[in-house]
Amino acid sequence: MRSTAVLAVVSIASLAIPLVAPAYYVTLMLPFMAYGVVLLGLNLLFGYTGLVSFGHALFIGIGAYTGAVLTTHLGVRHMELILPAAGLAAAVVAAPVGALCVRYVKIYFGMLTLAFGMVFYTFLLKFYKLTGGDEGMRMLRPYLLGSEWTGFSKTAYLIGPYYYFSLAVLVLATLLMWRIVRSPFGLCLKTIRDNPLKAESLGVSVPRYRWYAFMISAVYAAVGGALLATPTGNVDPTLAYWTHSGNIVFMVLLGGFGSFFGPLLGAFAFIFLQDTVMSVFPYWRLIFGAVLAFIVIFAPGGLMGLFARHRRPVEVSRA
Amino acid sequence: MTANLVNILMGGVFHAAILFLVAAGLQVVFGVQKIFNLACGSFYALGAYTGVSAVGYFTGHGGPPALFIIPLALGGLAVGLVGVVVERGLLRFVYDRDETFQLLLTFALVLMLEDLIRMTWGTAPVSTGGLYLSYGQARILGATVPVYNLIVIAASLAIAIGIGWLLSRTVFGRIIRASADNREMAEALGVDMRWVYVRVFTLGTMLGTLGGALVIPATAAMSEMGIELIVEAFAVVVIGGLGSMRGAFVGALVVGVLRSVAISVYPELEMLLIYLIVIAVLLWRPRGLFGAAAA
Amino acid sequence: MILEALDIRKLYGAYVALDGVSLSIREGEFVSIIGPNGAGKSTLINVLTGVLQPSAGSVRFKGKDIGGIGTVALTRLGMARSFQLVQIFPELTVLETLQAAAISRLGRGARLFTSLAGDSQVQADALEVASLFGLSGKAHALARELPQGDKKLLDVASAFALRPEIILLDEPTSGVSTADKHAIMEILVGAAKRIGLRAIIQVEHDMDIVFGYSDRIIALHQGKVLADATPAEIEADAKVVDMVVGRRRAPHPALSPEGRGNPEPPTPLGGENAEPSPPMGERAG
Chain G
90 MRSTAVLAVV
100 SIASLAIPLV
110 APAYYVTLML
120 PFMAYGVVLL
130 GLNLLFGYTG
140 LVSFGHALFI
150 GIGAYTGAVL
160 TTHLGVRHME
170 LILPAAGLAA
180 AVVAAPVGAL
190 CVRYVKIYFG
200 MLTLAFGMVF
210 YTFLLKFYKL
220 TGGDEGMRML
230 RPYLLGSEWT
240 GFSKTAYLIG
250 PYYYFSLAVL
260 VLATLLMWRI
270 VRSPFGLCLK
280 TIRDNPLKAE
290 SLGVSVPRYR
300 WYAFMISAVY
310 AAVGGALLAT
320 PTGNVDPTLA
330 YWTHSGNIVF
340 MVLLGGFGSF
350 FGPLLGAFAF
360 IFLQDTVMSV
370 FPYWRLIFGA
380 VLAFIVIFAP
390 GGLMGLFARH
400 RRPVEVSRA
Chain Z
27 MTANLVNILM
37 GGVFHAAILF
47 LVAAGLQVVF
57 GVQKIFNLAC
67 GSFYALGAYT
77 GVSAVGYFTG
87 HGGPPALFII
97 PLALGGLAVG
107 LVGVVVERGL
117 LRFVYDRDET
127 FQLLLTFALV
137 LMLEDLIRMT
147 WGTAPVSTGG
157 LYLSYGQARI
167 LGATVPVYNL
177 IVIAASLAIA
187 IGIGWLLSRT
197 VFGRIIRASA
207 DNREMAEALG
217 VDMRWVYVRV
227 FTLGTMLGTL
237 GGALVIPATA
247 AMSEMGIELI
257 VEAFAVVVIG
267 GLGSMRGAFV
277 GALVVGVLRS
287 VAISVYPELE
297 MLLIYLIVIA
307 VLLWRPRGLF
317 GAAAA
Chain D
39 MILEALDIRK
49 LYGAYVALDG
59 VSLSIREGEF
69 VSIIGPNGAG
79 KSTLINVLTG
89 VLQPSAGSVR
99 FKGKDIGGIG
109 TVALTRLGMA
119 RSFQLVQIFP
129 ELTVLETLQA
139 AAISRLGRGA
149 RLFTSLAGDS
159 QVQADALEVA
169 SLFGLSGKAH
179 ALARELPQGD
189 KKLLDVASAF
199 ALRPEIILLD
209 EPTSGVSTAD
219 KHAIMEILVG
229 AAKRIGLRAI
239 IQVEHDMDIV
249 FGYSDRIIAL
259 HQGKVLADAT
269 PAEIEADAKV
279 VDMVVGRRRA
289 PHPALSPEGR
299 GNPEPPTPLG
309 GENAEPSPPM
319 GERAG
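Residue numbers (my numbering), protein chains in the order written: chain G, 90 to 408; chain Z, 27 to 321; chain D, 39 to 323.
It is worth saying that the hints were derived from the structure and are not from the lab.
C-beta: ideal position from N, C-alpha, C; glycine also.
Wrong hints could be hidden among the right ones.
To be verified - Anything over 12 Å on all C-beta distances counts as not near chain G; from chain Z, calculated:
1. L116
2. T126
3. L192
4. G216
5. W221
6. M248
7. A261
8. P293
Unchecked claim - Derived EDC-like pairs: lysine to aspartate or glutamate, alpha-carbon spacing no greater than 20 Å straight-line:
9. G/K215 with Z/D122
10. G/K218 with Z/E294
11. G/K215 with Z/E296
12. D/K262 with D/E65
13. G/K218 with Z/E296
14. G/K195 with Z/D122
15. G/K195 with D/E129
16. D/K189 with G/E289
17. Z/K60 with Z/E250
18. G/K195 with Z/D124
19. D/K189 with D/D218
20. D/K176 with D/D103
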């Protein structure tokens with residue numbers, strides 16, 4: 090079937106890329122994979138539960154800074170510890186923040202999350218003794234599968250072991266999210282997105298489920314954040330700035346919100362488009378703004394929406 | 027001691043005067059079109075850069091520096107007319123869409139304007155140089171306050187009164203209030219909403235660009251000023267209440283003065299304090315001081 | 039006595055929406071609440087379903103005070119409702135809608151990692167309700183693409199899928215053509231008997247429906263109970279007829295006992311045909 094064929098091609102390609110593609114493009118795949126993880130979580134909140142957060146970068150920042158603090162100050166270098174720690178830190182913050190935010194909808198939710206994101210940004214910026222201020226903090230090369238990969242140069246590390254590690258994390262994250270959206274829980278989220286009043290009348294506690302979705306998406310964002318920080322080796326407060334939150338919402342919309350693979354497509358398109366545009370024209374924001382405007386006005390279903398229109402109408406099992 | 031206090035207060039009120047202009051623009055657009063314009067900060071930035079250029083052109087062509095405030099204000103106002111293009115060219119396509127999409131469209135505007143400004147003026151800060159103190163300084167209770175600041179405060183106050191008069195005494199104002207209250211009813215009574223929308227949006231934009239222009243002498247036009255201001259403007263409208271002019275006025279005073287106090291007492295706090303207040307307001311009284319009942 | 043309202047008062051500022059309404063619903067009853075617009079019917083439904091806290095008085099469901107406990111808690115207790123303006127999940131299919139109700143009933147909403155498709159109990163449950171409501175053929179249709187009558191049915195069916203003990207229907211046939219109304223009511227009553235509903239309360243404007251199906255009619259007027267009696271007694275009460283019911287034409291043929299092919303009066307829900315309702319312990323997972 091078509092989807093298995095696509096999946097097979099994508100799998101083979103992603104495994105082969107470090108072997109066949111130039112190093113530059115392989116290193117571009119790294120932020121794509123990191124954002125892929127972030128967006129899988131954000132889409133749960135946005136596409137499946139219907140909440141638009143303008144402060145989600147807060148959790149990317151938490152994940153990134155967890156990685157930095159653990160490697161630089163606490164001597165913890167194993168990625169297998171860093172990623173769960175990042176997730177845990179995010180969950181700890183997301184629990185109270187989410188509990189407060191999910192009682193509000195639409196624009197008020199957006200505003201509250203924006204405010205929380207900026208609180209964290211300001212904290213990161215101003216408390217420089219703790220956080221390194223606007224220069225940020227370094228993140229040392231994490232150990233993968235127990236090894237420091239000492240023989241590897243920075244590039245070799247990134248396009249080799251780190252690439253495959255990130256890929257594994259992305260695949261795991263995807264499989265996990267796949268199960269979540271196809272679970273009874275996932276269906277409940279969709280009811281909340283579609284009609285909160287009706288959902289309540291069927292016994293689905295809207296604030297509680299939104300809270301769960303918020304926390305899960307925060308954990309994903311933090312794991313992605315830690316992955317994002319490693320290649321650059323540095324984390325700084327701009328990771329939590331509100332425009333960063335806006336950009337990731339843009340990525341979800343670009344790919345197609347509400348569809349499962351849309352966000353991954355969106356991350357891929359954004360990263361590679363940004364790279365392509367920047368190499369010819371420094372004003373990529375102008376182009377991207379225009380693209381976003383175009384999508385909002387003419388193609389709200391994003392790239393996945395455009396592909397779907399060309400499909401034959403098939404009775405797709407929507408379970 | 028008093029001098030210090032007066033300085034802090036006057037600094038805060040000056041900042042509040044500017045914030046009011048931008049927030050008023052935000053409020054009038056939200057009130058009528060129910061759109062939260064994330065790009066209001068970008069218009070502010072646009073006004074700032076245009077103001078600098080206008081002043082530069084003016085003084086460069088022999089205009090007396092003492093009159094710099096005229097090209098400054100006019101430049102700021104004139105560039106606000108770009109609101110017509112934005113409304114007719116972009117915004118009008120999303121009036122029937124979900125709030126989320128409207129918000130994202132204004133975010134698209136933020137991105138585009140940010141780069142358009144970079145393209146036109148570059149990334150280095152630009153300013154009006156020493157013109158700031160052209161009007162001298164006044165002594166108030168032992169503190170030294172630039173007369174320019176007082177002029178701007180007075181102007182902002184005049185505009186606030188003007189808006190109040192516009193809304194309550196003119197036909198246009200009544201149409202604005204009616205449309206804000208109940209769009210369908212206004213339409214049923216014969217109001218052409220397209221006409222209203224483009225005018226309201228342009229008014230909002232012009233207030234923002236004017237605010238940006240007027241702040242320039244005291245600071246400089248810098249590349250991130252737009253996206254930084256939006257969070258302050260957003261704090262103002264949350265505290266004051268979405269859609270309310272009175273809210274913009276009071277909110278601006280609260281944010282402006284508090285920020286001024288925070289900077290002098292504990293600089294790390296600055297915006298942190300403001301955001302915490304925003305969060306507190308959103309949690310305890312989402313409609314702010316003067317807003318309509320919350321969603 | 040399943041549901042009891044004791045002297046309910048609801049004020050909105052100075053406006054008195056409900057002014058001392060008392061009623062009781064007993065086992066097996068089909069009760070219709072009628073009244074002109076503004077009489078307080080919707081407010082009463084919202085108070086009875088725990089959405090609104092009454093300004094005074096109390097509501098007792100199965101002996102327990104439920105004032106303002108909220109919709110979710112009330113569904114756990116065994117009460118469900120449908121809406122006057124049809125409420126569906128536009129992007130979900132018919133089957134998914136019913137599955138959501140089944141998940142809620144079985145308490146499986148917190149299951150994040152199990153497959154919904156693999157949950158045979160939820161699947162079977164949803165399919166059963168679908169067939170009760172004649173929606174089996176449209177199981178995979180998107181809710182927003184259904185014709186209006188089917189949307190109404192889906193709204194009610196999903197409430198039924200909670201297997202409540204009592205259901206409140208807010209104008210179950212509004213917005214539906216006359217011919218469809220009777221079909222819907224027949225399906226409703228049939229399904230109610232099948233799942234063992236203990237009582238049905240409806241707000242309804244169509245008097246043919248009201249008189250054709252109710253065991254008892256409660257007439258509201260300006261926030262007060264004007265009459266609370268059997269259809270025959272109501273019909274005989276000229277004052278009520280004048281103020282609320284209006285003059286009646288001959289009932290639609292489909293509704294008369296002969297038309298329905300059933301010469302007996304409507305059987306109470308607790309009749310021999312009903313399934314026993316599940317004991318309380320089975321409700322939540």
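Which numbered hints turn out to be false for this structure? 1, 2, 7, 8, 9, 12, 17, 20
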